[in-house]
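J.: This is what each chain is made of:
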Amino acid sequence: MKKTLTGIAAALLASCVLVSAASAETVRWARSTDALTLDPHSQNQGPTHNFNHHIYETLLDRDLTGALQPRLATDWYIKEDDDTVWVFELRQGVKFHGGEDFTAEDVVFSLDRARSEGSNMRQLHGDIVEVRAVDDHTVEIQMAGPSPLYPNNVTNTFIMDKGWSEANDVVDVQDFGAGEDNYAVRNTNGTGPYVLVERDPDVRSVLRHFEDHWDETPEVTEIIYLPIADAATRVAALLSGEVDIVQDVPVQDIERLAGTDGIKIETGPENRTIYFGYRFGDLREGTSISGTDGANPFDDVRVLEAMNLAVDREAIRQVVMRGQSIPTCVNMPPFVSGWTPELDACPAPDLERARELMAEAGYADGFSVTLDTPNDRYINDEAIAQAVVGMLGQIGIDVTLASRPVAQHSPIILNSDTDFYLLGWGVPTFDSAYNFNGLVHTKNDSGLGTYNIGLYSNPDVDAKIVSLGTMTDLEARDAVIAEIWEQVQADHVFLSIHNQVLAYAMRDNITLPVHPENQPLMTSVTFE
Amino acid sequence: MLAFIIRRLGQSALVMLAVALISFLMFRYVGDPVASLVSQEATMADQALLRERLGLNDPFYVQFFRFIGNALQGQFGISYRLQQPVAELIMSRLPATIELAFVSATLALTVGLVLGVFTALRPKNWSTGVIMTASLVGVSLPTFLIGIGLIYVFAVELKWLPSFGRGQVVDLGWWRTGFLTESGLRSIILPAITLSLFQMTLIMRLVRAEMLEVLRQDYIKFARARGLSKRAINFGHALKNTLVPVITITGLQLGSVIAFAIITETVFQWPGVGSLFVNSVAVVDVPVMAAYLMFVAFIFVVINLIVDILYFIVDPRLRVAGGR
Numbered sequence: 000m001k002k003t004l005t006g007i008a009a010a011l012l013a014s015c016v017l018v019s020a021a022s023a024e025t026v027r028w029a030r031s032t033d034a035l036t037l038d039p040h041s042q043n044q045g046p047t048h049n050f051n052h053h054i055y056e057t058l059l060d061r062d063l064t065g066a067l068q069p070r071l072a073t074d075w076y077i078k079e080d081d082d083t084v085w086v087f088e089l090r091q092g093v094k095f096h097g098g099e100d101f102t103a104e105d106v107v108f109s110l111d112r113a114r115s116e117g118s119n120m121r122q123l124h125g126d127i128v129e130v131r132a133v134d135d136h137t138v139e140i141q142m143a144g145p146s147p148l149y150p151n152n153v154t155n156t157f158i159m160d161k162g163w164s165e166a167n168d169v170v171d172v173q174d175f176g177a178g179e180d181n182y183a184v185r186n187t188n189g190t191g192p193y194v195l196v197e198r199d200p201d202v203r204s205v206l207r208h209f210e211d212h213w214d215e216t217p218e219v220t221e222i223i224y225l226p227i228a229d230a231a232t233r234v235a236a237l238l239s240g241e242v243d244i245v246q247d248v249p250v251q252d253i254e255r256l257a258g259t260d261g262i263k264i265e266t267g268p269e270n271r272t273i274y275f276g277y278r279f280g281d282l283r284e285g286t287s288i289s290g291t292d293g294a295n296p297f298d299d300v301r302v303l304e305a306m307n308l309a310v311d312r313e314a315i316r317q318v319v320m321r322g323q324s325i326p327t328c329v330n331m332p333p334f335v336s337g338w339t340p341e342l343d344a345c346p347a348p349d350l351e352r353a354r355e356l357m358a359e360a361g362y363a364d365g366f367s368v369t370l371d372t373p374n375d376r377y378i379n380d381e382a383i384a385q386a387v388v389g390m391l392g393q394i395g396i397d398v399t400l401a402s403r404p405v406a407q408h409s410p411i412i413l414n415s416d417t418d419f420y421l422l423g424w425g426v427p428t429f430d431s432a433y434n435f436n437g438l439v440h441t442k443n444d445s446g447l448g449t450y451n452i453g454l455y456s457n458p459d460v461d462a463k464i465v466s467l468g469t470m471t472d473l474e475a476r477d478a479v480i481a482e483i484w485e486q487v488q489a490d491h492v493f494l495s496i497h498n499q500v501l502a503y504a505m506r507d508n509i510t511l512p513v514h515p516e517n518q519p520l521m522t523s524v525t526f527e
Numbered sequence: 000m001l002a003f004i005i006r007r008l009g010q011s012a013l014v015m016l017a018v019a020l021i022s023f024l025m026f027r028y029v030g031d032p033v034a035s036l037v038s039q040e041a042t043m044a045d046q047a048l049l050r051e052r053l054g055l056n057d058p059f060y061v062q063f064f065r066f067i068g069n070a071l072q073g074q075f076g077i078s079y080r081l082q083q084p085v086a087e088l089i090m091s092r093l094p095a096t097i098e099l100a101f102v103s104a105t106l107a108l109t110v111g112l113v114l115g116v117f118t119a120l121r122p123k124n125w126s127t128g129v130i131m132t133a134s135l136v137g138v139s140l141p142t143f144l145i146g147i148g149l150i151y152v153f154a155v156e157l158k159w160l161p162s163f164g165r166g167q168v169v170d171l172g173w174w175r176t177g178f179l180t181e182s183g184l185r186s187i188i189l190p191a192i193t194l195s196l197f198q199m200t201l202i203m204r205l206v207r208a209e210m211l212e213v214l215r216q217d218y219i220k221f222a223r224a225r226g227l228s229k230r231a232i233n234f235g236h237a238l239k240n241t242l243v244p245v246i247t248i249t250g251l252q253l254g255s256v257i258a259f260a261i262i263t264e265t266v267f268q269w270p271g272v273g274s275l276f277v278n279s280v281a282v283v284d285v286p287v288m289a290a291y292l293m294f295v296a297f298i299f300v301v302i303n304l305i306v307d308i309l310y311f312i313v314d315p316r317l318r319v320a321g322g323r
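Taken in order, these protein sequences are the chains called C and B. Residue numbering for the first sequence follows numbering that gives the first Met the number 0, starting at 0 and increasing by one per position. Residue numbering for the second sequence follows numbering that gives the first Met the number 0, starting at 0 and increasing by one per position.
It is possible that some hints are incorrect.
[Claimed, not checked] Short, incomplete list of chain C residues facing chain B, as computed with Cβ under 7 Å:
{"hint": "1", "residue": "T36"}
{"hint": "2", "residue": "Q122"}
{"hint": "3", "residue": "L238"}
Hint data in this document are derived by calculation from the structure and do not stem from the laboratory. Since the model is a prediction, treat every value here as computed from it, not as a measurement. Even glycine gets a Cβ: it sits at the ideal position worked out from N, Cα and C.
Just chain C, same shape as in the assembly (with noise of 0.2 Å):
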């Protein structure tokens, strides 16, 4: 018994130490959802690596226009007499948080550990045959075939310790087979700007400043990271000074806030488009569209016009998302190569020319149809399908909605069970072949076209974009870029409708800029 008391008040005496270490230079950050695991390379999720990259570094991140820069890396480059291998040079005398050295060994082990057959991140290095060391700074990697691109797959895996990794038993990643979990899941040994000293998760996380970090010290010294999954307690706990950075602010208080003595808001575009696609070729078995005596209206381009000129994206931006979106009618944000203003703008509105093209197109009667969305995955998803209902409505097109939460729309959409659906799509590469392989390129078993929903199509299309993994004449590879987007948007495989925007919420004396993937590190915070 007096040992549990004693116990206690050491307990109570070690929280008081912790509350009064806290200086001015403590960040409380609050976002809707913990990391789900501090495994590197388990899962390739938001919030997982936004958290990791506090602890953990990379080879390459990006920096707040979304270009690449060095982190662990100092200089990367093709090899001058090979073109399937890419060098990195490291730096050099980086420590992990235990003490190691960081070489071309850990490299080489974790990016062997990224792309084995439990970690999520493998698909970014599949194109991978061998990574090496050559010294103990320089890494090459070889690849199956040129890979021009390649670096911008390295931003979100981390480099562990090979030695601390073998030690601990965590050479793999973990298995959901095995009856226990993976030492990595719950301790980490990173070179990142901040070591964890506490985790609770769901709970709360505190991180204090690696005193041996090869960069500049931050401002923010310590960080304790909160997740809080209402969105109502989130904002709450910011009004009530509980927390200084609220991550994932709802829209709808995005203007509240602005006006609160005190807080303030940073916006800025996210690298996520949202857009509408459509189910091509035969009406699918269980189709949902009728009134078209067996064809599909989307075959006919003239639908898809028709459909383009009468979704107002200017009322949608401005009624669903209030102000926090960037319309748009490509599907790709600004930060992706191949993009242009002039496939971003859209036509202006115009019900009397769509009605046309619907009659032109033999459906002066419209069609019926039923439009899958989530209701849970992205900003005001339902909302938004809801507003396009709306307007399609006007050209004669009868939408019935089913809305769904993420889990169970997901297979529906990855099975092409549907005709008309509504989906997001980040490019976490900022390269156009990100979404022409994704999205683009015909379906098959070898990975391309995942996402092609529709099943679109076109063998000249699919020749060009398999083309462009293997170019390495960027100006040249460019043009095959444009030509592809000419194609896709004639095609009208995707309506568009905007980018969303992030909303940062904190106190006014700090400032935390907007990172176009979401992933803000607090070494990046300013106090006033």
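Got chain C; can you put chain B on it based on the hints?
T.: Chain B in isolation, oriented as in the chain C frame:
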């Protein structure tokens, strides 16, 4: 007695099995766990591989019996979402839920009893009218609204109490308690009130109704005729006889307070099993959902079993039926 308990235990096991079966049937309609596990880069082949590794391709009954077999050995698998053993996750979240349930049940019972007795003894007093009307609000307002309202008043406007979380907790090794720190105690106030409001009004109305009933009984009249003091009649005789059904209801309600604190836990970001369940449903984390539902069934089965045994001890008629 022994035969009775054994039969009841057998029935309890059947109930647990039925719950497991029904929840497994439902999981097929919740969505695809693989969809929330993989990133948008994953190919169809990768997804098929993951589905195979998770054993999701097996027929329904194989998955079900595998789950039962593992559960009997105390194995509930690894959470898809958090990649930690499910049993450990639930055990680590349980103290928060139980502490919250304990405080709110105590609050509901005390306040409910006092107000119930008061309104029964003074049916014509003006304050009875006020309390009865206010109690209607407690029954009819949804929990999340009460929670948000309390947060707004006491956290945002007055800044007296924290709006979320559990405060500083003290680890006793096998139990992490928030009762030993000031921030922990302050944190529990709002969620406990939110969670208790419904039970409180329920108990109050039950006590009042029972008490009014009892006060009309002949033995109360005789007690009055004997000239016993008001206090002895009201609290010695009337209240005692009111308590039997109240205790039954409270016991069963305690089960539902533990099991269904989900909404309160979500609104206040209370780190209990309820919020764990909600987070798991969103991504179809089948191992956690299955274990949680089994856990809830277990709580109800245990409470019912205890209640049944108590009845058996209290009521001689059951004993006769059992001996037959």
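J.: Taking the hints in turn, state whether each one holds.
T.: Here's how the hints hold up against the structure:
For T36/C, the shortest C-beta to C-beta distance to chain B is roughly 5 Å, which falls under 7 Å, so the interface hint holds. For Q122/C, the suggested interface contact is upheld, since its CB lies about 4 Å from the closest CB of chain B, less than 7 Å. The beta carbon of L238/C is positioned within 7 Å of a beta carbon in chain B (closest approach about 5 Å), and the interface hint is therefore held.
Checked against the numbered hints listed earlier, the structure breaks none of them; every hint is satisfied.
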